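*Asks:* The lines below spell out each chain.
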Amino acid sequence: MTPLSAYLILSAMIFAIGLAGALTRRNAIIVLIGIELMLNAANLNFIAFWRFSEHPEALTGIMFVIFSIGIAAAEAAVGLALIIAIYRHYKTTNVDEVNSLRG
Amino acid sequence: MTLPFIILAVLTIAAAVAAMSLRNLIHCALAMVGAFGGLAALYLQLDAQFVGFTQILVYIGAVAILIVFAILLTRGGQVPEKALFSSSWIWGVLVTVAVFGTLAWTIKNSFASQRVPAERVEATVKEIGDALMTKFVLPLEVIGLLLTAALIGAVIIAMRDEVKK
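Top to bottom, those sequences are chains A and B. Position in the first sequence counted from 1, then plus 6, gives you this note's numbering. Position in the second sequence counted from 1, then plus 3, gives you this note's numbering.
Calculated from the structure, these hints are not laboratory results. Please note that the accuracy of each hint is not assured.
These stretches of chain B come out as covered by chain A in the derived footprint (C-beta under 8 Å, 3 or more residues) [to be verified]:
{"hint": "1", "segment": "34-46"}
{"hint": "2", "segment": "53-60"}
{"hint": "3", "segment": "70-77"}
{"hint": "4", "segment": "108-118"}
{"hint": "5", "segment": "122-132"}
Being a predicted model, the structure only gives us computed values, none of them experimental. Using N, Cα and C, we set each Cβ at its ideal position, and we do this for glycine too.
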């Protein structure tokens, strides 16, 4: 079977890709997709640790991932509503141009 | 490392990179669906069937559709001619390289490579349902409340403002 560290490295790579997209892209929707990828990387970690734990019958990792998916769905709904509200106000989804709060 | 894991890992990484780097937003959303599907297959490979199918149902079924709707509502379907990356992209790349370096170094020096998987784990839907209704009933109620509040909040935020006269 694949060792635990391979899953952890894969999860770290997905997290880094999501982080790179969230930090460098201009479009707010792509930033949100990057955040979703980062959340998914964390979920993969939870499942991998659960599979390799000493007491998998406790189901802790599975429960954590189920609640995490629920929170991610709520976060996506609110985030996209915010993006639509910003688009209506500024007529853009470019995060560089939405800078009214910049000091 | 087994061959299925390598295939799934390469597919997931390629889809994630495509989702973060393509120019057309619709293509980005479709690549994101590929990445979520690859992750669902990895969950199935790790004997977490319920979570794998929940991933397909929630992410590919709901979140991806929501994102496509948002792209259409913000007229993101057209390909932008201007620069794709924000003005401070170099800092983003530096932070990402630092984060990945730290994570990889920590994993390499941890005890993770010596762990052995538990033999034949069972996580049936019945067991998960039992656990959700007994030990985890309070978090379940809280997540229900959170989802309700978030959805009402999303509707109120996205609602068109009344024109004041």
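*Asks:* Tell me whether the statement that chain A covers the segment 34-46 of chain B is true, taking a Cβ distance below 8 Å and needing three residues at minimum.
*Replies:* Holds: 6 residues of the segment 34-46 of chain B have a Cβ under 8 Å from chain A.
*Asks:* If you count the residues of the segment 122-132 of chain B with a beta-carbon closer than 8 Å to a beta-carbon of chain A, do you get 3 or more?
*Replies:* holds (count 5)
*Asks:* Between the segment 70-77 of chain B and chain A, are there enough contacts, at least three residues with CB-CB distance under 8 Å, for the coverage claim to hold?
*Replies:* Three-residue rule met by the segment 70-77 of chain B, so holds; n is 6.
*Asks:* Closer than 8 Å, Cβ to Cβ, for at least three residues: run that test on the segment 53-60 of chain B against chain A and report holds or violated.
*Replies:* holds (count 4)
*Asks:* Establish whether the coverage given for the segment 108-118 of chain B by chain A is satisfied; the threshold is a Cβ-Cβ distance below 8 Å, and no fewer than three residues must meet it.
*Replies:* holds (count 6)
Consistency with the previously given hints is maintained throughout, with no hint failing.
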